[in-house]
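K.L.:
Read off the chains here:
2 protein chains.
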Amino acid sequence: MRLHSMGEQAFIERLKRHTSRPRGVIQGIGDDAAVMAWGHGRLLLFTTDMLVEGVHFRRGERDAEGIGHKALAVCVSDIAAMGGRPREAVVSLGAPADTRVSFLELLYKGILKAAHRYGASIVGGDTVRSPRLVISIALLGEVSKKDLILRKGARPGDELWVTGGLGGNPKGRILKITPRLAEARRLVKKFRPRAMMDLSDGLWTDVGNLSRASRVGARIYLGHLPVHPFAVREARRLKADPKMLALTGGEEFELLFAVSPSAGARLARAGRRALGVKISKVGEIVPRSFGIKVYAKGCVVKVKESAVWKHF
Amino acid sequence: MRLHSMGEQAFIERLKRHTSRPRGVIQGIGDDAAVMAWGHGRLLLFTTDMLVEGVHFRRGERDAEGIGHKALAVCVSDIAAMGGRPREAVVSLGAPADTRVSFLELLYKGILKAAHRYGASIVGGDTVRSPRLVISIALLGEVSKKDLILRKGARPGDELWVTGGLGGNPKGRILKITPRLAEARRLVKKFRPRAMMDLSDGLWTDVGNLSRASRVGARIYLGHLPVHPFAVREARRLKADPKMLALTGGEEFELLFAVSPSAGARLARAGRRALGVKISKVGEIVPRSFGIKVYAKGCVVKVKESAVWKHF
Numbered sequence: 002m003r004l005h006s007m008g009e010q011a012f013i014e015r016l017k018r019h020t021s022r023p024r025g026v027i028q029g030i031g032d033d034a035a036v037m038a039w040g041h042g043r044l045l046l047f048t049t050d051m052l053v054e055g056v057h058f059r060r061g062e063r064d065a066e067g068i069g070h071k072a073l074a075v076c077v078s079d080i081a082a083m084g085g086r087p088r089e090a091v092v093s094l095g096a097p098a099d100t101r102v103s104f105l106e107l108l109y110k111g112i113l114k115a116a117h118r119y120g121a122s123i124v125g126g127d128t129v130r131s132p133r134l135v136i137s138i139a140l141l142g143e144v145s146k147k148d149l150i151l152r153k154g155a156r157p158g159d160e161l162w163v164t165g166g167l168g169g170n171p172k173g174r175i176l177k178i179t180p181r182l183a184e185a186r187r188l189v190k191k192f193r194p195r196a197m198m199d200l201s202d203g204l205w206t207d208v209g210n211l212s213r214a215s216r217v218g219a220r221i222y223l224g225h226l227p228v229h230p231f232a233v234r235e236a237r238r239l240k241a242d243p244k245m246l247a248l249t250g251g252e253e254f255e256l257l258f259a260v261s262p263s264a265g266a267r268l269a270r271a272g273r274r275a276l277g278v279k280i281s282k283v284g285e286i287v288p289r290s291f292g293i294k295v296y297a298k299g300c301v302v303k304v305k306e307s308a309v310w311k312h313f
Numbered sequence: 002m003r004l005h006s007m008g009e010q011a012f013i014e015r016l017k018r019h020t021s022r023p024r025g026v027i028q029g030i031g032d033d034a035a036v037m038a039w040g041h042g043r044l045l046l047f048t049t050d051m052l053v054e055g056v057h058f059r060r061g062e063r064d065a066e067g068i069g070h071k072a073l074a075v076c077v078s079d080i081a082a083m084g085g086r087p088r089e090a091v092v093s094l095g096a097p098a099d100t101r102v103s104f105l106e107l108l109y110k111g112i113l114k115a116a117h118r119y120g121a122s123i124v125g126g127d128t129v130r131s132p133r134l135v136i137s138i139a140l141l142g143e144v145s146k147k148d149l150i151l152r153k154g155a156r157p158g159d160e161l162w163v164t165g166g167l168g169g170n171p172k173g174r175i176l177k178i179t180p181r182l183a184e185a186r187r188l189v190k191k192f193r194p195r196a197m198m199d200l201s202d203g204l205w206t207d208v209g210n211l212s213r214a215s216r217v218g219a220r221i222y223l224g225h226l227p228v229h230p231f232a233v234r235e236a237r238r239l240k241a242d243p244k245m246l247a248l249t250g251g252e253e254f255e256l257l258f259a260v261s262p263s264a265g266a267r268l269a270r271a272g273r274r275a276l277g278v279k280i281s282k283v284g285e286i287v288p289r290s291f292g293i294k295v296y297a298k299g300c301v302v303k304v305k306e307s308a309v310w311k312h313f
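Line by line, the protein sequences give chains R and G.
Positions in the first sequence are counted from 1; adding 1 to them yields the numbering used here.
Positions in the second sequence are counted from 1; adding 1 to them yields the numbering used here.
Hints in this document: simulated from the structure, not taken from any laboratory.
Each hint should be verified, as a subset may be incorrect.
One copy or two, it doesn't matter: identical chains are merged, so the pair holds either way.
In silico EDC-like cross-links for lysine to aspartate or glutamate, where the CA-CA straight-line distance does not exceed 20 Å [stated by the list, open to error]:
hint: 1; residue 1: K110; residue 2: E9
hint: 2; residue 1: K146; residue 2: E285
hint: 3; residue 1: K172; residue 2: D64
hint: 4; residue 1: K17; residue 2: E106
hint: 5; residue 1: K240; residue 2: E184
hint: 6; residue 1: K303; residue 2: D242
hint: 7; residue 1: K114; residue 2: E14
hint: 8; residue 1: K177; residue 2: E54
hint: 9; residue 1: K110; residue 2: E14
hint: 10; residue 1: K191; residue 2: E14
hint: 11; residue 1: K153; residue 2: E14
hint: 12; residue 1: K147; residue 2: E184
hint: 13; residue 1: K282; residue 2: E235
hint: 14; residue 1: K279; residue 2: E9
hint: 15; residue 1: K17; residue 2: E143
For reference, chain R alone in the conformation it holds in the complex (with noise of 0.2 Å):
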């Protein structure tokens, strides 16, 4: 069996069953970030993203700073999906030997850039040789422990909603990313969700692993899917369904996030004003017998498996 045609979430879930959790680590792989209780009341989050040239960017020096901008915006993503807050990061660069010296300045700006405006700190690295560039980051966050929300805790009954446009990233190219780290902290502290992730994998497929992590199923209603501009004129060009690639899109790092009726009550009232970002209710949490569906005008809407985000 070959990677891809296994997929990464199977993949993961093989690994899972390999690894055991260890005591004081609340949370191991299979979410956002991992948990682990250090020192008191406080919780250590730690995760990691790598990018790589060819995949997830182009090399160009124009782009340096924007490479190195994503690289930890992705790791901010995460550290705020957990309602946390970012602490330190480590770099780890492979580069080819005969790269610029300048190239590598200006990306090491765009992550120090990131880091001085999300409050992470670069401590240390592994500088190697590689034929492609390659850059992966390990940050650090920390997060009280009435503040951690984990994908796990979503209810029968709790809406779904999310930050921002859908469908924007269609290629996954898209330096300029911006984490939810404001909104997902104010979103903790104003209307609790039960569970929370960012989208890195497309609406379709996270819902997918919101749900199976809290062991409930979900409903999402197409006609609310809220629509990047971008995914707009992908559409256009493509005569595609503009929900459909909003449904199916991937790289958006929005939040997506189960809250009780009443929050949603309380986020409905507020709109906009709320986190100071558009939110949109998707959908529901409903029992896990149900699955996870997908409406539109009342009808179940079959999604193409060959339409969805891949990693491989």
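Once you've looked at the hints, dock chain G against the given chain R.
P.N.:
Relative to the frame of chain R, chain G by itself:
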């Protein structure tokens, strides 16, 4: 300027100028691991290492487990060199879409076996598509304040010691490395080194790194260097001086440490019994103005830059 003409060390020095050390960070870029205050009396260690196919290993089903072992073991070596114990790790893996799942499972088996052996836990990761296999592991460690040993701290008059044999990994391709975790813990508890690091760039370069961090100079006695059996064989093949291979080798992952003369005398008396592994006194710390010099039969030996281990 290209990376290979600048070199890794100069590049890191350049990066360091752009970073500031935030509150709570005791040691940032420039040691084996970063050190952060977290909770009462305990310190958090944080390190990362990246292995790239074709540079650090060749792919082959036979070696998958060994690659996984090495990917974690090099991080454990960093934590050991700070006097600490490994804790949680995250694994970023880049792999071609057509990689056999059985290969990746063996690779993770290698990581998990090494984790079990050295007391680490794999708590998360990222799996992405990449034209070549790349593994980047970030490992946390812990150490009490009194056990922390940095690269800085060596003083003139201290003795320089190493564990094991040197020059045995001339191409950096050996997968079965043994991080000196138990040895480092024993050393810290019983002999309290003033400065310590692991040997990844070769003795010559790393004595330079330790001396720079400690703002001291050093004398290395070529005749005292413990030569690894592989280096003896390699020297015969190349008709080279095995002691020079021991001086300029790299990736041995042995410990290099400076101890007070009295601790040095105790080490000399105990010999192999001190740490349960061969130890050798290889030099002395001298004032900074003296620089770093290698002696053989009372004369200063010139070290050819071309012979020195380089990552780029």
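K.L.:
Now tell me, hint by hint, if it's right for this structure.
P.N.:
Hints, verified against the model:
For a Cα distance limit of 20 Å, the shortest separation of K110 from E9 across copies, 17 Å, qualifies, whereas the shortest one inside one copy, 31 Å, does not. Proximity of K146 and E285 under a CA criterion of 20 Å is satisfied in neither setting, with 26 Å inside one chain copy and 50 Å between copies. In this homomeric assembly, K172 and D64 come within 20 Å of each other (Cα to Cα) only inside a single copy, at 16 Å, whereas the closest approach across copies is 34 Å. With identical chains, the CA atoms of K17 and E106 are at most 20 Å apart between copies only, with a shortest distance of 11 Å across copies and 37 Å within one.
In this assembly of identical chains, K240 and E184 lie within 20 Å of each other by CA distance neither inside one copy nor across copies; the values are 34 Å within and 66 Å between. For the homomeric pair K303 and D242, the shortest alpha-carbon distance inside one copy (13 Å) is at most 20 Å, but the shortest distance between copies (71 Å) is not. In the homo-oligomer, the alpha carbons of K114 and E14 lie at most 20 Å apart only across protomers (19 Å), although the nearest pairing inside one protomer, at 35 Å, exceeds that limit. In this assembly of identical chains, K177 and E54 lie within 20 Å of each other by CA distance solely inside one copy; the values are 16 Å within and 30 Å between copies.
Taking the shortest Cα distances, K110 and E14 sit within 20 Å of each other only across copies (15 Å), while inside one copy they are farther apart (36 Å). In this homomeric assembly, K191 and E14 never come within 20 Å of each other (Cα to Cα): the closest approach is 33 Å inside a single copy and 44 Å across copies. Within a single copy, K153 and E14 get their C-alpha atoms as close as 16 Å, which meets the 20 Å cut-off; across copies the closest is 44 Å, which misses it. In this assembly of identical chains, K147 and E184 lie within 20 Å of each other by CA distance solely inside one copy; the values are 17 Å within and 41 Å between copies.
When the C-alpha separation of K282 and E235 is checked against a cutoff of 20 Å, the pair qualifies neither within a copy, at 23 Å, nor between copies, at 68 Å. For the homomeric pair K279 and E9, neither the shortest alpha-carbon distance inside one copy (30 Å) nor that between copies (45 Å) is at most 20 Å. Taking the closest pair of Cα atoms, K17 and E143 never come within 20 Å of each other, the shortest separation being 24 Å inside a single copy and 25 Å across copies.
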